[in-house]
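Chemist: Protein chains in written order, with the numbering used here: chain A, 1 to 558; chain B, 559 to 882; chain C, 883 to 1189.
What the hints contain is simulated information worked out from the structure, not anything from laboratory work.
Incorrect hints may appear among the rest.
Estimated spans, in silico, between C-beta atoms of each pair [stated by the list, open to error]:
#1 A:386 / C:893: 41 to 47 Å
#2 B:625 / A:183: 37 to 43 Å
#3 C:893 / A:214: 53 to 59 Å
#4 B:583 / A:214: 56 to 62 Å
#5 C:941 / A:368: 43 to 49 Å
#6 C:1048 / A:362: 53 to 59 Å
#7 C:893 / B:583: 30 to 36 Å
#8 C:1048 / A:368: 26 to 32 Å
#9 A:506 / C:897: 56 to 62 Å
#10 B:692 / C:1015: 23 to 29 Å
#11 C:941 / B:794: 30 to 36 Å
Coverage of chain C stretches by chain B, computed from C-beta distances (three or more under 8 Å per stretch; other residues unrestricted) [to be verified]:
#12 900-906
#13 1122-1130
Backbone N, C-alpha and C define an ideal beta-carbon position, used for all residues, glycine too.
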Amino acid sequence: MPIRPPDRLIARLLVAGVLLGSLASCARRGACTGDYCGTVVIAAAGEPDILLPPVTELSTSRDVYDQLFLKLADLGMSGNTIGDEDFQPQLAERWEWDGPVTLVFHLDPRARWQDGRAVTAGDVVFTYDAYTDSLVNSPFRSSLRLISAVTARDSLTAVFRFRQRYPEMFYDAVYQMRILPAHLLRTIPRDQWRSAPFGRAPVGDGPYRFVAWKAGESLELAADSTFYLGRPHIRRVIVRFTPNLQVVTTQLVAGEADVTEQLGSPDNVKRACAAPQLACYPYKGAAYGYLGFNLATPGDSTKPHPLFGDRELRRALVMAVDRTRLLRNVFGDFAKVPPGPISQLAWIWDPETRELPHDSAQAARLLTRLGWIDSDSDGVRDRAGQKLAFRILVPTTSASRRLYARLLQEQFRTIGAEVQLDEVDLGLFSERARTGRFDAVLYTWNTDPTPSSSIPQTWTQAGLGRSNHGRYVNPAFDRLADRAVGAMNHAEARRLWRTAIEVLNQDAPAIFLFAPDAVAAAHRRITDVTIRPDSWLALLRTWRIPGDRLTDRDRAER
Amino acid sequence: MSAWIVRRLAAAIAIVLAAVTLTFFLLHLAGGSPCGQRDVQSVAPEVCARLRAQFGLDRPIWEQYGKYLWAVLHGDLGQSFWQRRPVIAALGDAMPNTLVLAGTALLIDFTLGLALGVYQAARARRFGDIALGNAALFVNSMPTFWLGLVLLLVFGQWLHLVPVGGTHDPVLCARLDSLHCVGDRLWHLALPALTLGLVGAAATARYQRAAMLEVIAQDFVRTARAKGLRERRVLLVHALRNALLPSITLFGLAFPFLVTGAVLVEWVFAWPGMGWLAVMAIGQRDYPVVTATALVASGMVTVGNLLADVVYAAADPRIRVRGA
Amino acid sequence: MTAGTWLALAGALVLAFALAAETRRAAAGPAGRRFFRHPTAAPGLVVLAFFVTLALAAPLIAPYPSYLQLDPVHLANQPPSGRFLLGTDPLSRDVWSRLVYGARFSLGIGSLAMLVAVSVGAAVGAVAGYFRRWVDALLMRLVDVGLAIPRVFVLLVVVALWDRVSLPVLVLLIGLTGWFGTSRLVRAEVLSLREREFVVAARALGGGSARVILRHVLPNAAAPIIVSAALGIGSVMLLEAGLSFLGIGVPSPKPSWGNMIADGQDRLAAAPWTSLFPGLAISLVVMALNAVGDALRDALDPHKEAA
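From just these sequences and the hints, can you work out the full model?
Modeler: The structure is reproduced here in structure tokens:
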């Protein structure tokens, strides 16, 4: 078979190709000008699982659905959760107290679902019903336990009744629930909400509309120009999913992405903040990370865990870990060791809180006293034929937790415990944590602005089967937490919380490892970047790209 | 000739069916295994329940197999729990990307490899040949994903010459609607295709060099030289034509390499093709997607071999006469 | 690096060169001459001997245990120096020590898996070539199927189903998915051998098939077996590196050259040595295996002049 050298035929084809191509480039480049253009590409490590608010606790999902669904009212920039003065109207244009335990919301008549229907009080009632339904099994159910009923007085008036008076009544009523469209969700059986198609293509009433979701790659939102609280300036929002924060930083520096929530490691912060086109925004970190023990047998919550059901063993393991050194390795100076299940944002942060000390000698002695000795000299302690061996569940999307997992592996090895790692993707990680299929899990929580909703959700009886993955229950802690929630002023609350956390620390249900500082990065052309620490994208609709700073990217049509 | 093609086609179909049977066997084995227990070689807990539901393990095995075969032949490869949509849809999105990557890599592989092989044969045993030969050996011995990481580090992170992942700019070029976007896609394609292509080219060059040397030693080349033809014409027209034949078999061998190499290279470059899909699905223990990619990969390899055989037969009349 | 470990390293290098030189001297026959005619054969032997020595004498050569995190605060991500020959990784583990112990895992898994593959492949190929007819047809169709399904996908399916695959099972699986090429080569060799006089004689003398295969046929078919073994170890090492890189191969904290590359990925820009050196090591060893394999092919089977 002879070979033809490149000849005129190929040359002709090339010319034709170029001509066709240049014709095609006359396609729309987009002619958007002014203050309402702008395309922002958000680089996120990890992908949302489902965009139906009551059923997911992933913060990546929350960041997206917060643009699609509205709350009755939202927290102000001060972060004050007591009373109702510092809250901003959203779905409710005004409210009043009708007695000490009755709260009446008047909905804004301009609010519309994206299919045109009006938002009514019936939706509010439906939402409360869904969030508290055991079939939906929402992780946020425990935060709503002090609300006794929600009713609709008329189509634009919703009435909340509480069981008792306490300082954060208003916060509980408004913060957790995103109002859902009853007319679209009523027909879906509650136990199938987790797999409902609505969760992959939601219809909301917020400043942004859902456009598209390419699994594993990206998710797109478009601004609703008729949004009654003010048209969002950024016209398109694209969330790009990346495998980890290092790639996020590289994309930012290379100009392939515009914003990210949290740069994570000191390396990334250095690289991003040195890039000329990026601006860095440090803010109070709302996250804390910990190694949580499963106090029940994985897959069978009725039986205690063969290892971690033993309080003394847990205490020994906590004492074996040098949390400060591990923190320095992973976060450098950009984080602190939390004294309990709280983030740097929490106003109850008290460095004087009593915790278990780091003392590996004592940990070793304690283990020996419990009967865990290395009888076969393989470096791993055992007792009655059972090895002191367990597995740590880690998500592959978090480079810092993967580092922690390996650091912890070594710390536990030195006291004779054998640790293996289960590294899975974020979605599977979340599912396994939720269903209790783990020995120990490296979990990170983005906390609420107040401990009264986040701590009970995760560490009390009310959180069992929902966010209390380790199934830790201590009635004494629950009582103290309840009293702290009901405390009438900050000073008393702080005192009560400290006592409660000290009780929890003695029980050692987890090793509280890190509470990172948060540093966000955004392209300099984006102005008015306001970041509310508890939910960094809450004010996305107020961000702007001024008309004179638009780039080709901003003007491009879909 | 046509009878031979039909036979080869039948053989190819049989191979794919055998691959389907093997995956069924594995799935059935897993479904019957102990589920989610500690310290035992057990099946992932979330996988267990789904397998049992999908296969109805109380039915006789022939019935299960029949159902499975029927489903696969109809393109029903199951539901992905990670993506919450049919596997075939996920594959449909991913396949074009892999084909583009593999096709470009194949192009680079063969153009570079043939050129290198011919050059090395022309400079046999002199410095150019030895240096290139060792370089090719080194490149062929590298883990492809490591080469990808290094290239990405140098050209993507340090020099900012190429983008660091994906197939296209998600904002400007979500649709291929302009020459600029074609360029954007090519730019994203460059490094992953180069990574795969380079390693393949190294192997191709070695084969081609050997084949050329063998042909050059033959009589007809000496005759051409004796006739006074220019060396370049001798090499490129007479020798190469005949030395191409072994390279066609190499074309068939390249397919398994590309399909396998694509898994890691796509992962490193975040190129959303079939290999990337398989690795993402592994992280979610999403077995329907993983088994589907295994089947598709087998299909691609089989088709590649079939194509290579057909082309080889068309090129070499001796084969046609002899029969397979 | 202590004085002792420097000495041990030097010793390993010297040993490698000495072994290669000794082999050259001992292999004086025609096969040996053909082997060493390849310019890359001798260096290949040196490299292989060096790394095998590293693997075998790891406790002597490596200054630190592979799992030891020396000082996560101050000694993480250190560049190569006199103290840490190849630097430290993000967990403050000595990269050189991990490389040396990693040789055990990478080379060990390569050899073991190849052993399994070659054994099964030789057995199947011999049986197919010896008995011919329907046995041959059946086995070769099986081989066709095996060659059509890319190895890595079979392993991915197994991991997707069985979650955690223990290391011995993984090695077995890698071996069981890699014997197909060997079986074809052995079959071809056996087909030609089976008509030779000594085989005919052995059968005439009343030898059972198994006996004839094992004692007469296979030893003479050794050439393709050895060559495919040498080349096969390389491909297994690359496969294991890929799997470990993805996190489904050798588990932490055990070092393998593949998972070392993964460990260094997050800090690749700032501290490339963690990922660079294991990759170089794999490249060198596989290159040496390819070179030695090619030379062996020449040496043992002069008809098949490759280059």
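Chemist: Broken hints, numbered, in rising order?
Modeler: Of the numbered hints, 4, 5, 6, 7, 10, 11, 12 do not hold.
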